[in-house]
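So the protein lines, in turn, are chains S and P. Residues 1 to 505 (UniProt numbering) are what the first sequence spells out, left to right. Residues 1 to 408 (UniProt numbering) are what the second sequence spells out, left to right.
If you are wondering where the hints come from, they were derived from the structure by calculation, not from laboratory data. Heads up, a few of these hints could be off.
Said to hold, decoys possible - Within a straight-line C-alpha distance of at most 27 Å, the following computed DSSO-like cross-link-like pairs (lysine-lysine) qualify:
1) S/Lys208 - S/Lys248
2) S/Lys475 - P/Lys24
3) P/Lys27 - S/Lys475
4) S/Lys430 - P/Lys90
5) S/Lys208 - S/Lys278
6) S/Lys152 - S/Lys34
7) S/Lys406 - S/Lys266
8) P/Lys90 - S/Lys406
9) P/Lys80 - S/Lys430
As the list claims (entries may be wrong) - Far from chain P, some chain S residues (derived; all Cβ distances over 12 Å):
10) Gln23
11) Phe75
12) Pro99
13) Asp182
14) Trp256
15) Pro390
16) Ile455
17) Val496
Bear in mind the structure is a predicted one, so any value in this text is a computation, not a measurement. Just so it is clear, CB atoms sit at the ideal spot from N, CA and C, and this is done for glycine as well.
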Amino acid sequence: MTVAKRSDTILSHGGDWDFELLQRYDKEIAVIAKEYGLDTYPNQIEVIASEQMLDAYASVGLPISYSHWSYGKEFIQNEEAYRRGMRGLAYELVINSDPCIAYLMEDNSMPMQALVIAHACYGHNSFFKGNYLFKQWTSADAIVDYMVFARKYIFDCEQRYGEQRVEETIDACHALMDHGVDRFHRPSPLSAEDELHRQHEREEHAWKQYDDIWRTLPQKAVDKSGAKKKKRSFPPEPQENLLYFIEKYSPTLEPWQREIVRIVRKLAQYFYPQGLTKVMNEGWATFWHYTLLNTMYDRGLVDDGFMFEILQSHTNVVMQPGFDHPGYSGINPYALGFAMMKDIRRICEEPDDEDRAWFPDIAGKDWREVLDFAMRNYKDESFIGQYLSPKLIREFHLFAIADQHKEDHLRVEAIHNEAGYREVRRLLSKQYNRDVLIPDIQIVRYEHMGDRSLILRYNQLRERPLTEDACEVLKHLSRLWGFTVTMEIFEEGRGVVDKIEVNPA
Amino acid sequence: MSMIIDRRLNDRNKNATNRQRFIKRYKEQLRRSVADIVADRSITDMSRGGEVGIPVKDISEPRFRIGRGGDREMVHPGNKEFNTGDMIAKPKSGGGGGSGSGGGEGQGEEGQDNFMFTLSKEEFMNLFFDDLELPRLARNVFGDSQQFTYRRAGYTPSGVPANLSVPRSVKNAMARRIALAAPLKRELEELKQSGAAIEDIEALEQRIARIPYLDEYDLRFRHRVKEPKPISRAVMFCLMDVSASMSEQKKDLAKRFYTLLYLFLSRKYEKVELVFIRHTSNAEEVDEHAFFHDPQTGGTVVMSALNLMIEIQQERYQPNQWNIYGAQVSDGDAFGSDPQRSAMRLNKDILPWCKYFAYVEVPDSPSTITPLAAAYSQIRDETFAMSTVMDRSDVYPVLRELFQKESV
């Protein structure tokens, strides 16, 4: 563009926005995003009022969901916090779907809308489309249809079997939701239509198989030789997808309950990648809104006032209070992610000797390719393990402490010095391992030839116990299972150290 | 190209169902909370919504989680003074220090033990009056009824087009066509057989063709009749002792009882009349405002109020046309023969035509048996109930107890 035109290129002044302006901003941002090589789903930008944002929050970030009291709780909680001014609303909400749905709040000023468009519609959106976990575990094109199907199905169940029974089933499933994910093989893609079809087939099959005559046959006398037969334990391999196992093998669930288990399982599957890529996803989106909007400024598309407002909220978002700050609640994924993304760019563009020693394979490379590669092929754990630089460890003043339950003191394991960099990085990376956040619980035995009880095993790591509500969860589990459920607490090297047994009510 | 959609006009209450589910699920806890609020509130703003709380642990959703204890390492930002190998005293358990095992999972663990939120007026009143029902309310009176229902009553040949029953009308038309055409067709057949003149045959065919497809008297209309709907009328006599022995605090309790009662009645039943009778040594009928707000002092003669109640009843509320209820509040102080005579009068002259009579006592201490209570306790009648209220927080449970739904 020519210099003479420069002052006319500014898209708007001040905070007011209208739909035409949104359109123009979006167009400009899209152009720049394309230049940077961001590959996105098409965007569907929805402008909503603040109450609608509260609504959107409650249904766990999906535009539609089935009815459940816990969403009501979530909604009331948010509404209350918002009403008392304890919490502002998020500026944006974006849904991993194709087209990618992003919400803009009507109270936002124009700069904020632009920020959200850049952040959500081009940042998150390209992450959803590119990251291997999202590609593998979610079906962005089908999720909205699937939720419509799920909502209707559960509504129909409520009509047929009563709200109470449906609610109990959903409660139990929600309690086990973290344990409803196939981590090692790719789930079949979602399709509401197939799902409906499959359901009919199942029902039909059961109906065809039913023959009342079997009931009238006299029962065989107990086979004495059976005792001699070698007992085959089932399942042959421990099963970590508890919901899947219940859906397939529960001796007591009715068909519609199995379908509900399946719906919750699919939902868990859909959210699974989000938990593993918090730092990366937010970091990526924050990095891109920062980069895209700065580019707009450099090209004279926005004025100084616009940039001030952007920078102010950007700074708030990426703030990382220290551990001793009253507002500290762990590491801010926006701060860490953004800093790392920016750092990778720096290492590529202007590496120093330290960077060359630590990152020989990316120092001096094209930053766009390096970042794109990182976005596509990593999750938080591996991303930090791979890319956290000594410079950032220094900047964040990261330090690792060891908490041994037998000791009275916490010990500082490593700090930001030459001897500590690798240790800090290793430990921080481990902190994002899913096993640290979610206990490793597997089904080891189903006494399918005996009393039909189910035996689970909690593989306890380094004597970290479960919280007390584990017992409540087991109750839910036994409700779904219909028979006794036992959980063994298994510690490596010590064997089974404890047991919790729950009988169905 | 992005699509920008304005959704601001969409439904804003997507979560209404979820909210209702939540409230339904925690009804018991909420009801307790509502009872507390009722106890603290002044009468005039009883019908507002209110902020209620539920213990947080009741509403938590259990998950398998890794708890405190065991060995672990944590990485934190913001190191200022620590060096490798430093020992730090463990923060006391319960302090926020060591809880963050997850990255940014900073759920608001701090804060209240109660999950507080605001009920709307409607939700508040629903919880408040939930399953309260005026006892023995008979739907028996037709007089002075303003409500009608429409009942189906078959079909009629006349009516407005909106009520036209197409299937019926077509059915009639078909029957008529068959009936009219049959003899002509037979005749036609005969003529054809006998080889009659073409003109005759054509004339007959034309006659058959002239039979109208639909005639006016085929039309049938759905018929509806208007029927008066039995509505229940009830009158509630509110009797209150406002004598000197009734302290401000007791009056307050009494007022609360009636306020609740009044809210309940005026909400639940359209056709309920209230009669306010206050008494000291003599009784008078007053309006609602005076009943609750005018200060009065004097002695106590319970009898006077009962007499007045009977008087008013005979004048205005015939038992065969009204469901009559009574509610009396007193501190139980009565003198001489008054309590005995009052009990007799109540038992003999009021209870026979009264559907329900509730006596609520606000005594000085819970253990003493007041003369009036002693006398009333002799009454053996299932339409009579008595109860004691000592504290503001008792009022609401008592009301609930008295007017517990009579279902099953």
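Quick rundown of the hints versus the structure:
no.: 1; hint: S/Lys208 - S/Lys248; in the structure: holds (19 Å)
no.: 2; hint: S/Lys475 - P/Lys24; in the structure: holds (22 Å)
no.: 3; hint: P/Lys27 - S/Lys475; in the structure: holds (22 Å)
no.: 4; hint: S/Lys430 - P/Lys90; in the structure: holds (22 Å)
no.: 5; hint: S/Lys208 - S/Lys278; in the structure: violated (48 Å)
no.: 6; hint: S/Lys152 - S/Lys34; in the structure: violated (39 Å)
no.: 7; hint: S/Lys406 - S/Lys266; in the structure: violated (41 Å)
no.: 8; hint: P/Lys90 - S/Lys406; in the structure: holds (11 Å)
no.: 9; hint: P/Lys80 - S/Lys430; in the structure: holds (23 Å)
no.: 10; hint: Gln23; in the structure: violated (6 Å)
no.: 11; hint: Phe75; in the structure: violated (4 Å)
no.: 12; hint: Pro99; in the structure: violated (7 Å)
no.: 13; hint: Asp182; in the structure: holds (17 Å)
no.: 14; hint: Trp256; in the structure: holds (19 Å)
no.: 15; hint: Pro390; in the structure: holds (14 Å)
no.: 16; hint: Ile455; in the structure: holds (15 Å)
no.: 17; hint: Val496; in the structure: holds (17 Å)
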